[in-house]
Each structure stands twice: as C-alpha cells, then as structure tokens.
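As given, the protein sequences belong to chains C and P, one line each in that order. Just so you know, we're using this note's numbering here: the first sequence kicks off at 1 and counts up by one. Just so you know, we're using this note's numbering here: the second sequence kicks off at 1001 and counts up by one.
Simulated from the structure, these hints should not be mistaken for lab results. Treat the hints loosely; a few may be bogus.
Unchecked claim - Below, simulated DSS-like cross-link-like pairs (lysine-lysine); rule was C-alpha separation at most 25 Å, straight line:
1. LYS205/C <-> LYS1015/P
2. LYS16/C <-> LYS1185/P
3. LYS1140/P <-> LYS55/C
4. LYS1271/P <-> LYS107/C
Unchecked claim - Label-pair ranges, simulated between beta-carbon atoms:
5. SER1057/P <-> GLY265/C: 43 to 51 Å
6. LYS192/C <-> ARG1169/P: 41 to 49 Å
7. SER1070/P <-> SER191/C: 56 to 64 Å
8. GLU1174/P <-> TRP59/C: 57 to 65 Å
9. MET299/C <-> TYR1145/P: 42 to 50 Å
10. GLU1066/P <-> MET289/C: 21 to 29 Å
11. ASP69/C <-> VAL1263/P: 44 to 52 Å
12. VAL1085/P <-> ILE57/C: 43 to 51 Å
13. LEU1260/P <-> PHE154/C: 44 to 52 Å
14. ARG211/C <-> VAL1263/P: 34 to 42 Å
15. GLN155/C <-> LYS1271/P: 41 to 49 Å
16. LYS1271/P <-> GLY197/C: 28 to 36 Å
17. ILE54/C <-> VAL1263/P: 28 to 36 Å
We put the beta carbon where it would ideally sit given N, CA and C, even for glycine.
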Amino acid sequence: MKKTQNTLLIRYRNLKGWVLSSQVVVAVLLTMVYPIVFSLILSFTDLKLSLGNIKFIGWSNYIWIFGRDSGFFQALLVSMGFSAVSTLLQTVLGFLIAVMLYFMSGKLQSFFKTAIYLPVVLPSAVVSAMWIMMYAGDEFGLLNIIFGLTNPPFQWLGTVSRSFIAVVTANTWRYLGITMVIYFVNMNAVSKDVIDGAKVDGANKFVIMMRIIFPLTWSATTMNIIMSMIGGIKSFDLFYLFQTNANLTYELTPVSVLIFRAGLGNAQVANIRLALSVTMSLTLAFILMIITLATNKLMSKKGDE
Amino acid sequence: MALRQYKKSADILTKIFLGIVLAAIAVTVLFPLYYVLATSLKAYGEYVLNPLGLNFSKLIFKNYAEVLGSKNLLGATLNSITVTVTGVVLTVVFSALAAFAIGVVQFRGSGFLYFIAISTMFFTGEMTYVPMYLLYNKLKLLNTYGVLLLPYLVGIPGLGIVLGANFIRKIPKEIHEAAFLEGAKLRNVFVSIDLRLLLPILSVVAIMTFQSVWSDFFWPMISVMGNRKLHTLPLMMIGFKAADASMYGQYCAGLTIMTLPIVVVYCFFSKYFLQGMSAGAVKG
C-alpha cells in the first residue's frame, strides 16, 4: 500500500498515534457509538421521562409511529414540503446571485458576497427574533410599517399557508449565502478560456450562463441540493422558535420539532414516553440516509451524461 | 484585442444593472440587522414616532445600560463567554493533536479514524440528545456548569481533522523526514513544525467553533434549563418575549450584544468563514 512508502521514521508509531488521538477515540465512543447503540436498544422499550422501570415491548414503538395518530407522517410531510420549496428557492436564487457576482469584479464583488453571506453566521435565536419582529401582526410589525398595512394590521402568520411562506422566506434569507458561495467557488474554477472563447464567438451573458456555467457547475448543484434538502428536513430552530415565541400554528410542526416535543421538550409531563422520541429520531436518521444516497446516485448519473 | 472592443457600452450597462439588483438584495439582507441595531439605540418615545429611521442626535445607550444592569443578562453573557472560550480552546487543541496524529504519525487505524470523523457530519445534537441527556442525568451533572462544558471535552473535532489532516498530507514529506532523521522528538516536531504550519487551519477551526458555540441554544436548553444562573445568552434570548413595543429597545439591545461579537469577527475574517463552510460542505 502507498502508506508504507511515505512512512517516516517514528518509533512506537502506532502507540504514539493512538495516544495522540485518544480524545477522538473517547469522543467517538461517547458521542457517536453510545448514542446510536443505546438509541437502538431504547427504541424497543417503554422508557418514560420519569425513568421508572423499563420494559422491553418489541416493535410497539415503531408500529405506533407508523400508525395514524402519531402525527409522524403529517410532520414528515411538513418537513419534506418545506425542504423541497426551500431547496428550489435557494438553488435557483443562489445560482442567479452567484452568476451576477461572477460577472462583477473587484471590491464591489467581495462586498456583496460578504453581505449576502452574513446571515449564515448569525445565531438562530437572533434570526428568529428578527423575523418575528418583521412579521409581528400589530402596528409595530416591520413589514406592516414598510407596506403601510397598519390599519388594520396584516396578520403575516394568520393562516397556515401564509405561515409556511413566512418560515420559508426567513429560512431562505438565512441560508441563501451558502448556496451562493458554493456556486461562486465552483464558477471561479471554470476555465476562463472556455468563457472567453464563447464571448469571441458572440455568445451573450445569458447564453454563457445557461449553456456553459450551469453545466460546468453541476457538482455545485448536486452539493447544494443535497445540503439544502437535508438541512430542510432536519430544520428545527426556526420552526421551534416561531412556535414558542410567535404562535406559529401547530399544523406546521416538522419532524424534528415533533421529536423534541415527544421527548424532553415536554418535560412537564413526566409519563411521556421518551422511547417514542428516540424511535422517531432513528427513523428520521434512516430516512435521511436513504434520501442522501438516492439523490447522490441520481444526480451523479445525470452529471455523467 | 478583439475581445476588448467587443466589450464596452453594452458591458457597462449590464454591470450597472447587475450592481443595482445586487444592491437591492444586499439591502434586503442587511435591513433586519440595521433595524435591530437602530431600535436598540432609541428611547421608546422616539421609536414610536420614527420606528424605521435613525435620528443621530437622539441616539441613546440607556437600553444597553438597563439590559447589562440586570443581573440575568450580565450573568448570561459571562456564561456564554466562558462556554465559548472553553469550547474554542478545547476544539483547537484536539484538532491540532488529531490532525498531527492522522496526518504525520499515520498510525495503523488512522484512516479509519479519519473516516469516522467525516461521518459525524451526519448526526446532529437534535438526534442524539436523549441518550446524552440520560447519561448526564445518571452522572448527576444536569444543571451544573460541567454539563455546559463537557460536550466540548468529548466532542469530535471533525472539521479540524478533515481540514488539518488533508493539509498536512500536502506538505512535502522531506520537511518531516529531515527532522526525524536528525533524531528530533515527536513532541518537538509537533510544536516547532506542524503547529506553525497548521496555524491557518486552526484559525478556521477556531472561528467556526466560536460561531457555533456562541450561537447554540439547543444543548443549554436541554441541559441547564432548570438553573437560571447557568443560562447562556441564546437560551436567555429565546425565553424572552418582548411583551409589547415598549420593551423593543431593550430586547434589541440584548440581541445586539449577542450578534455584535460574531459580526465583528466575521467582518475581519470572512475568508475563514467561507473556507470553513465549504470544507464542511465537502464533508457532508
């Protein structure tokens, strides 16, 4: 193997290596192996938050989840719908903004890039607070002030569909920078000769964008779609904070929030069955894994053609 | 240069158009931030009269004084600083050690460890929180300072390993070879060669860790909700609802205190942020 060629003269290499990375070993065991294995075991028990006696109850938790009154499927639908719309928006807008940046240059380019990426680094508590103030349904709601809708104040979170659009908008505002930067980095890796050649041949910017840049940054599209999709399905912060601080309708409860509310998020109810929360977590992790693998396979095939 | 001639007026027009569109987007993106900052600097009366604008002669810092004067928020700020500093220091140290072990020492099993570190990207705290909660509960650590800090002692320095090990492998191996042939000790090589070379990578790790620890509300919410003294800034802010508009000034002051450190660091080191993000993306 190629490793042996590069080997340096280090005495007791294996021992020293493991000692140096012992923290990683402990971390992997404690924060990865233990939770996964323990979750698997717990998912077959009736563990309650009150931590009384634990019984093994077979597949009951799984059967309950896939039954009607668990709300799991409704929540999964919310997560997936949210994920699909957000992914579409982020990918299309991210691409367009990256192209615009690409055709600019110098200081302005880096200013816009830095500005549009800024929300990505903000704490989610701040992002949700800002948008709750934007959507506030009284005469101090920012959007109501801007659009002059103070009399009577418009209820931006008044219906389910409005609330859905509201959360998607806030989420897109927050994460657009990531898709944009990934596209931007990939665009700059496209050889300038190709684009200059097209320009000489008389191609305009739109043609260059659609026929050259878009196909040549396909790997960025793949990465963006996978990332936004997974991020969307796992999405927790905004939904949860909107529900607790802005009365976002409970019809818009995504899986991650359902999992939390079925477990510690509802700590007042001591007889709540923690095992159900764990089982849903595992199921969600499994679904995510399948989706990632499937998307990766689908998109890479298309890229080969 | 035919290309030069082809450009010119049409090109300038497109550039102006692009500039306007991008400026509009940038304004939309930055507006909520401006609003929070502006509101935090206004008295309530001024806010009611002029909720969007900013009258420079009427700026006040009273909201900040009041917010920081209340014990709760000052304590939360100090907690946040302690947790963040601990998290950053531990993560950077463990990243450096692990990157050195995997990249330079290349012991048997290092490839496997590298693979595991990458695959951690798949799990988030929200998925493994119940077992971790049960563990800390058993150890009677819930609602103590330890439970806020321990996750960083036993956190997997995934980003550091991926960035660091890859970086070290690209260094010409003669540098290390020469050092070892002359009988240098592992410790000395680490300190005087690799730690220096890894400095830019460790900066990326530090900044990304700073951002994520400073912003995290989920783990504190799970682990120290019952002890008000241990609340961090994000945990405190999510529990704080501005009851009516008269509280907006203080509320926004709190939000600004939480946002400012990140924005300042971001403005100086935005390159590192972008680098860390794209590396994180490649991992995922």
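List of violated hint numbers, smallest to largest: The structure conflicts with hints 6, 10, 13, 17, although it agrees with all the remaining ones.
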